[in-house]
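These protein sequence lines map, in sequence, to chains V and F. Residue 1 is where the first sequence starts when you use my numbering, and the numbers rise one by one after that. Residue 163 is where the second sequence starts when you use my numbering, and the numbers rise one by one after that.
Simulated from the structure, these hints should not be mistaken for lab results. Incorrect hints may appear among the rest.
[Unchecked claim] Residues of chain V clear of chain F, computed beta-carbon distances all greater than 12 Å: (1) 10; (2) 37; (3) 47; (4) 58; (5) 90; (6) 105; (7) 107; (8) 108; (9) 111; (10) 112; (11) 138.
[To be verified] Covered stretches of chain V (chain F as the covering partner; in silico rule of three or more C-beta atoms under 8 Å from a C-beta of chain F): (12) 74-80; (13) 141-153.
Everything numeric in this text was worked out from a predicted model, so none of it was measured. C-beta: ideal position from N, C-alpha, C; glycine also.
Residue strings, one per chain:
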Amino acid sequence: MGSWLKFLVVSVFLFSLVSLPWVNASNETVAFSEATQAEAALTSAYDVVLEAEEAGANVSSLLNKLNIGSEYLAEAYVWYRLGDSQNANHFAALCYNLAEDVQSDAVALRDEATSSRMSESVVVMVGSAVGVILVVGTCFVGWRVFKRRYHKKVLGLRPEVV
Amino acid sequence: MNLNDYQTLFVVVTLGSALIVASPVLALVVSFKGGSEQFSEFWLLGPDHIADDYPFDVNAGEMYTVFVGLENHMGSSEYYKVYVKFCNETQSLLDSDEGVPSSLSPLHEYPFFVEDDGVWESSVSLCFNNVVIEDGILSVGEVVINEVSFPVDVYAVWDSESEGYFFQLFFELWRYDADSHSFTFADQSVGLWLNVNIYED
Numbered sequence: 001m002g003s004w005l006k007f008l009v010v011s012v013f014l015f016s017l018v019s020l021p022w023v024n025a026s027n028e029t030v031a032f033s034e035a036t037q038a039e040a041a042l043t044s045a046y047d048v049v050l051e052a053e054e055a056g057a058n059v060s061s062l063l064n065k066l067n068i069g070s071e072y073l074a075e076a077y078v079w080y081r082l083g084d085s086q087n088a089n090h091f092a093a094l095c096y097n098l099a100e101d102v103q104s105d106a107v108a109l110r111d112e113a114t115s116s117r118m119s120e121s122v123v124v125m126v127g128s129a130v131g132v133i134l135v136v137g138t139c140f141v142g143w144r145v146f147k148r149r150y151h152k153k154v155l156g157l158r159p160e161v162v
Numbered sequence: 163m164n165l166n167d168y169q170t171l172f173v174v175v176t177l178g179s180a181l182i183v184a185s186p187v188l189a190l191v192v193s194f195k196g197g198s199e200q201f202s203e204f205w206l207l208g209p210d211h212i213a214d215d216y217p218f219d220v221n222a223g224e225m226y227t228v229f230v231g232l233e234n235h236m237g238s239s240e241y242y243k244v245y246v247k248f249c250n251e252t253q254s255l256l257d258s259d260e261g262v263p264s265s266l267s268p269l270h271e272y273p274f275f276v277e278d279d280g281v282w283e284s285s286v287s288l289c290f291n292n293v294v295i296e297d298g299i300l301s302v303g304e305v306v307i308n309e310v311s312f313p314v315d316v317y318a319v320w321d322s323e324s325e326g327y328f329f330q331l332f333f334e335l336w337r338y339d340a341d342s343h344s345f346t347f348a349d350q351s352v353g354l355w356l357n358v359n360i361y362e363d
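Next up, chain V with everything else stripped away, as it sits in the complex:
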């Protein structure tokens, strides 16, 4: 019984010796992976914010949120480099969640700005088309009137009766 107990204790000791560095390395790998995912989420969110900005939306508030996310990301990398996987994961998760929120807000803002720009464009195009027709029509009528008066007054001619 005593030898079995000794064997068990030695086995557990050897197993922990072998597995602890592996667990530690695994934690570091997870922490790095989480930070990388958070960074990718931040970048994707920024891509959509950029699209929203190009569509004419005001993205100042979204950029402020992204800056908070970037501080979380920097913090996550600091903790990762210092070997603290728990804090690294915590800040990476904060960054990831914030980036996801920003991305969904940016998508809504982009779509709103795009549809707003679209309707503005339609108004501008229709307005311009009507304006051009009016200008050309007015000028044409003006020309006809001018031409008639020119014939009557300047040349003293009467229009021929057919």
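Here the structure of chain V is known, so what remains is to put chain F in place on it, guided by the hints.
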């Protein structure tokens, strides 16, 4: 002026007016982007927030402050990263002429977003610890940036000509390229030459 001249005048006036009326549509189609120069202004200021009194003779264990900042004139919001790097005189330094960044690993990084014509600035507190002099070689074992310790293993030999142990701490600017979806070196860096000492009371 005869009637043909008046007719030409009417046609010109009509076309001109039509062009003016249609100009909002032309503005939708024709882009005027890129008319002005696009650049990022990157700077490093001393502890009094002016371009003076930069730390040079630094003592181990003492805290020094500088300010690193940027103004975005790229015409749109930008995503930047500033890498903080630390090296000695002989290690490979940034070759700013060829637009090649230093191959050194960064101690710390600042990722941040700046809107067009916006400004970003951060104070950077620095401290050098675990400084040892042995056989004319000074080694720095820890750099503290904004109260976070980063282990390093950088050493400098005594420079008898300039009389000091010289190191460089510099900040590299990288910019996110939305087309390639990656960060590229912006070919801009600012830095400090430091003569690290151990003064004993």
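Hints, verified against the model:
Once the 12 Å rule is applied to beta carbons, residue 10 of chain V is consistent with being away from chain F; the minimum gap is 36 Å. No Cβ of chain F comes within 12 Å of the Cβ of residue 37 of chain V; the nearest lies about 15 Å off, and the non-interface call holds. Residue-level check failed: residue 47 of chain V sits 6 Å from the nearest beta carbon of chain F, not beyond 12 Å. A Cβ of chain F approaches the Cβ of residue 58 of chain V within 12 Å, the least distance being about 10 Å, so the stated non-interface status is violated.
Chain F leaves residue 90 of chain V outside its interface by the beta-carbon criterion, the shortest separation being 16 Å against a cut-off of 12 Å. Even its closest Cβ contact with chain F, about 14 Å, leaves residue 105 of chain V beyond 12 Å, as expected for a residue assigned away from the interface. No Cβ of chain F comes within 12 Å of the Cβ of residue 107 of chain V; the nearest lies about 16 Å off, and the non-interface call holds. The Cβ of residue 108 of chain V sits about 18 Å from the closest Cβ of chain F, beyond the 12 Å cut-off, so the non-interface label holds.
Against chain F, the non-interface label of residue 111 of chain V holds: every CB pair exceeds 12 Å, the least being about 18 Å. Its beta-carbon lying about 18 Å from the closest one in chain F, residue 112 of chain V satisfies the requirement of being farther than 12 Å from that chain. Its beta-carbon lying about 9 Å from the closest one in chain F, residue 138 of chain V breaks the requirement of being farther than 12 Å from that chain. For the segment 74-80 of chain V, the stated coverage by chain F is satisfied: 3 residues place a CB nearer than 8 Å to a CB of that chain, which reaches the threshold of 3.
For the segment 141-153 of chain V, the stated coverage by chain F is satisfied: 5 residues place a CB nearer than 8 Å to a CB of that chain, which reaches the threshold of 3.
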